[in-house]
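Student: Sequence:
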Amino acid sequence: MLETLKNAWKVKELRNKILFTLLIIVIFRIGSVIPVPYINPDMIKAATDGNSFFSYLSILTGGGLEYGAIFAMSITPYINASIIIQLLCVAIPYLERLSKEGEEGQKKLATITRYTTVILSLIQGVAYFFYLKASNCLSVNKGIWFAAIVIVLTFAAGSAIVMWLGEQIDVKGIGNGISILLFAGILSRGPQAFAALWTYWKKYDQYFAVIGIVIAFLLIIAFIVWMTHAERRIPVQYAKRVVGNKMYGGQNTHIPIKVNMSGVMPVIFASSILMLPTMVLSFMNTDQQQGSFAKFLSLFSTQGVFYAVIYFLMIIGFAYFYATIQFNPVEMANNLRKNGGAVPGIRPGKPTSDFISKILSRITLMGALFLSVIAILPIIIGNVGQINISLGGTSVLIMVGVALDTVNNLESQMMMRHYKGFLD
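No gaps in the numbering here: position 210 of the sequence shown is 221 in this note's numbering, and each next residue is one more.
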């Protein structure tokens, strides 16, 4: 990875792209610490301290939520909008047609996603404002509704700017812009996590727990890298055919199917849904939190066994859902038959589609179990070591995935430019 970055830095065009990406990251981090008007940042930190819902959002926003910053919503509205549009592409025929219309269709879907992001950012901004108001985090007593308009619009504008910054990275930088900003936000929490481990080491004498967490963290990273590159290859053989005076086909190839084909999306989607009960609980007052309904919602604490079990099952369910969206065994079998290809030992048509479906089911289960174990392992380690790292699995998955994608992007661009130092 370091060698790839070193070689990429020697290419002027790639160096300019890397510098541009770093500039966007700096702008993003600056906007994540500048508070919006009429807000008291010190009161926000006190109100959100120990709240698992806001701890989760704070990880995705790089701490902007704790400061009441301009970029407090960060890319969460865009992520939610993207998930919603992907799900609707299955349910709404118009969106499904757009997803199959190539580049033009993707542009229209991107525009719809942008509008959805703005709408969601307004809704989240309003909810956040009422939470700040209920927690006495506002620094204004008169003209409260004028302050509300300013705060909500600033939050929404910040989300739109973050979305625009991500798109600029896509065009002029390196890697996927939204993923890079998400990576930068999570990485910015690193010093705070290190300080927490240092406190447990020095103040509480939790030596074995801290050492165990560090070792587990390194092993998880190695395991994620290994599973990310793992794939199942379905052998395909093309029959020979004569067109004019030339003979085509007769080749042996394969269809690569990644074990973790859905990436980190099932984890993000499952954790977002499971945060809803905690969000509702956080908006309840002290008297309401003593009721039976509040006690039921408290079962969804990110450190509890009930949360871990539901989280595990939901990740598996969403992994299968995304697999069905990305792969259509019937369509794959028909394309193979049209091009004169066949899986050795399997008859074309329905037997081939059944064979591919069987492999997809097994591979998806392996990938889903991989994601589920990585996601809940920090919860187990946190309970054993009495250290709150319950959301670390999602963070590590995202960071490693984005880092690998960025390095692959750099390598592919260097190969396109025939960079001799890299090819050697």
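Hint data in this document are derived by calculation from the structure and do not stem from the laboratory.
Predicted model, so just to flag it, every value in this text is computed and none were measured.
A couple of the hints might just be wrong.
What the hints assert, rightly or not - Straight-line Cα separation of at most 30 Å, DSSO-like style, residue types lysine-lysine; simulated pairs:
1) K269 x K349
2) K153 x K183
3) K28 x K17
4) K153 x K269
5) K349 x K361
6) K183 x K23
Unchecked claim - Ranges of calculated distance between the beta carbons of each label pair, as one might list FRET restraints:
7) I336 x M426: 44 to 50 Å
8) L33 x L324: 57 to 63 Å
9) D53 x E242: 19 to 25 Å
10) E114 x L33: 24 to 30 Å
11) L376 x A206: 46 to 52 Å
12) L376 x P48: 49 to 55 Å
For every residue, glycine included, the Cβ atom is placed at its ideal position computed from N, Cα and C.
Student: Confirm or reject each hint.
Tutor: Now for the hints, and whether the structure bears them out:
1. K269 x K349: holds, 24 Å
2. K153 x K183: Violated, because 45 Å separates the two Cα atoms, which is more than 30 Å.
3. K28 x K17: Roughly 14 Å between the alpha carbons, so the hint for K28 and K17 holds.
4. K153 x K269: violated, 58 Å
5. K349 x K361: At roughly 14 Å apart (the allowed maximum being 30 Å), K361 and K349 satisfy the hint.
6. K183 x K23: holds, 13 Å
7. I336 x M426: 44 to 50 Å: Given a distance of about 30 Å, which is not inside 44 to 50 Å, the answer is violated.
8. L33 x L324: 57 to 63 Å: violated, 40 Å
9. D53 x E242: 19 to 25 Å: Distance hint for D53, E242 is violated at roughly 50 Å.
10. E114 x L33: 24 to 30 Å: holds, 29 Å
11. L376 x A206: 46 to 52 Å: violated, 39 Å
12. L376 x P48: 49 to 55 Å: Because 51 Å falls inside the window, the suggested range holds.
The structure shown violates the earlier hints numbered 2, 4, 7, 8, 9, 11.
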